[in-house]
Each structure stands twice: as C-alpha cells, then as structure tokens.
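Colleague: Okay, so the sequence shown: first residue is 1 according to our numbering, each after it adds one.
To be clear, the hints were calculated from the coordinates, so they are not data collected in a lab. Note that this is a predicted model, so its numbers are computed, not measured. Some clues are possibly wrong.
Derived DEER-like restraints, expressed as beta-carbon distance ranges [stated by the list, open to error]:
(1) P132 - N90: 27 to 33 angstroms
(2) N89 - V196: 24 to 30 angstroms
(3) A240 - N89: 33 to 39 angstroms
The calculated lysine to any residue pairs, modelled on SDA-like cross-linking and capped at a C-alpha distance of 20 angstroms, are [said to hold, decoys possible]:
(4) K189 - H143
(5) K146 - M180
(6) K101 - Q169
(7) K68 - N134
(8) K101 - A161
(9) K68 - E144
(10) K68 - T203
(11) K146 - R177
(12) K125 - M180
(13) K189 - N134
Here a beta-carbon is modelled for each residue, glycine too, at the ideal position from N, C-alpha and C.
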Amino acid sequence: MGRYAGRSTLPGSIWVRRCVPEGQRGTAGPTMRGGRDRVGPAVPASLRFRETAMPNEQNNPSASQVLKAEHEVILRVLGVLNKLVDRFNNGQGFEAEAFGKCVEFFRLFADACHHGKEEDLLFPKLESRGIPRNGGPIGVMLHEHKLGREIVKRMAAALEAPRSDKQAQVRCVQAAREFMALLSQHIYKEDNILFVMGDRVMTEADQKELGASFCHVECRKFQGKTRQQLEALEGELVRAWT
1 MGRYAGRSTL PGSIWVRRCV PEGQRGTAGP TMRGGRDRVG PAVPASLRFR ETAMPNEQNN
61 PSASQVLKAE HEVILRVLGV LNKLVDRFNN GQGFEAEAFG KCVEFFRLFA DACHHGKEED
121 LLFPKLESRG IPRNGGPIGV MLHEHKLGRE IVKRMAAALE APRSDKQAQV RCVQAAREFM
181 ALLSQHIYKE DNILFVMGDR VMTEADQKEL GASFCHVECR KFQGKTRQQL EALEGELVRA
241 WT
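The task is simple: from the sequences and hints, build the whole structure.
Modeller: What follows is the structure in structure tokens.
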C-alpha cells in the first residue's frame, strides 16, 4: 500500500484552518481518562484549532510545530489502543471492530499522511542542511517507520481471522503492545531530538517552503478518505473508549 493512498482532517491540528473549508472543521477529541495513564499528553491549547484569530506564529507554524501537533492526535489513538489491550487482558473481550478502526487510522493518518510528510519533505530538507541519514537520527526514524508498518500489517492480518480464533486475537493484542511501545518512543525521539536539531539548522525560508508543501499534502486524499474523515474516526474512537 502506498503511503499517499488516503487522508483525514486532523482534530487539534494547526493546519485545519489553512487546508479545510469553512464549516468543515473538526474539534479535538477528549483525552484518555481513568485506568492507566494515557500514552501521551493532550494537544497544547496554543496549538489547537480555534475559531478565533490565532497569533501570527500559529498562522504560520514551523514544520516541527505541525508535526508535533499531529503527534498529539496519534498519541490519543494510541491511548485508545491501550484501552482495548487492557480490556482484552482483563477478560472483558476482544473489540475487533475498534481494533480495525485503529489500524485504519494508523495506516492512513499516522503513516500515509504524517510519515509521508516526514519522509518525502522534512527528512530530505534536513539532509540538505547537514543532518545525516546513514548513521544519524534520520536513518533511525526511517527504520522505525518501517518497523511500525510491519507491526500494523501483523495486526491487520490477525483481524482477518474468524472472530472465534482466539490465537489470532492474542496475536493482534501482542502486535498492538509492540506498536504502542515503538511509536510512543519514536514520537518522543522526534519531538525532543530530531525536531530540535532541525529547527536549529533550517532557515526561515526552509520553514515556509515546508509549510506550503505540508498544506498541499493535507489537501490530498488517502485511499479515498479525506483528512476530515480521519479526524472524525479519531474523534469517534476517543469518545467511545476514553
């Protein structure tokens, strides 16, 4: 599956204002409550979409601000996945439909849209500014993207088994646990290491160029899904399971 196969409107994304028509914007979903600590923090209020006018720096956010805001949305769905895994481990049943919706979100939003922006736009720009791919943080991030795709593929394969197949349920839950561990650590490394390095080496012109390119990605579709539809999927999952 190609990464640019489908797409969604991102709740909490600072690009909603620039790329989604008036009257078609979503809102940020609630954060995970109760039980375990949620996988990641809520989107900072300063980066959430607001109908009121934003400060200039939020109208023209840096590449790292955009990607960090998307990370927060991905972390909310990781929180849902965590809840589904806990329910299974506690003997409360296997929620196949919800697992399937998480897989769809991770394939289309986290990979096709978000990782697509990183791999096709941000990483090449960072390489041009001296941050190495081989033997450096970019290479590590690319490897982890690949690992994540392989784990999500395993989750999807397990979900294709008959609902009565208990071993397939175990395989899906195990893959989900691996994916949560991988992606939460991956996001931490990008937010706190690679993006910090990138902001130091990129020029203002680089940031503007990436911003325009990111917006073009946001206006695409991924497997026939718009960003708005993927935002609705994230909101549905968060409301139902947190």
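Colleague: The structure should be examined with respect to each hint, and the outcome stated for every one.
Modeller: These are the hints, each one checked on the structure:
Judged by the Cβ atoms, the range 27 to 33 angstroms given for P132 and N90 is violated: they are separated by roughly 45 angstroms. Separated by about 36 angstroms at the C-beta atoms, N89 and V196 break the suggested range of 24 to 30 angstroms. The hinted window of 33 to 39 angstroms between A240 and N89 is violated, with their beta carbons roughly 19 angstroms apart. At most 20 angstroms may separate the alpha-carbon atoms for a hinted pair to count; K189 and H143 meet this at roughly 13 angstroms.
In summary, the hint linking K146 to M180 is supported, as the alpha carbons are separated by about 15 angstroms, within the 20 angstroms threshold. This hinted pair checks out: K101 and Q169 have alpha carbons roughly 15 angstroms apart, not beyond 20 angstroms. For the suggested pair K68 and N134, the alpha carbons sit about 24 angstroms apart, so the restraint of at most 20 angstroms is broken. Distance restraint check for K101 and A161: the Cα-Cα separation of roughly 16 angstroms lies within the 20 angstroms cut-off, and the hinted pair is therefore satisfied.
Annotation: proposed proximity of K68 to E144 holds, straight-line Cα distance about 17 angstroms (limit 20 angstroms). Among the hinted pairs, K68 with T203 is consistent with the structure: their alpha-carbon atoms are about 19 angstroms apart, no more than 20 angstroms. For the given pair, K146 sits about 17 angstroms from R177 by alpha-carbon distance, which is consistent with the 20 angstroms threshold. Between K125 and M180, the direct Cα distance comes to roughly 28 angstroms. Violation of the 20 angstroms bound is thereby established for this hinted pair.
Restraint check for K189 and N134: the C-alpha separation of about 17 angstroms stays at or below 20 angstroms, so the hint holds.
Of the numbered hints listed earlier, those contradicted by the structure are 1, 2, 3, 7 and 12.
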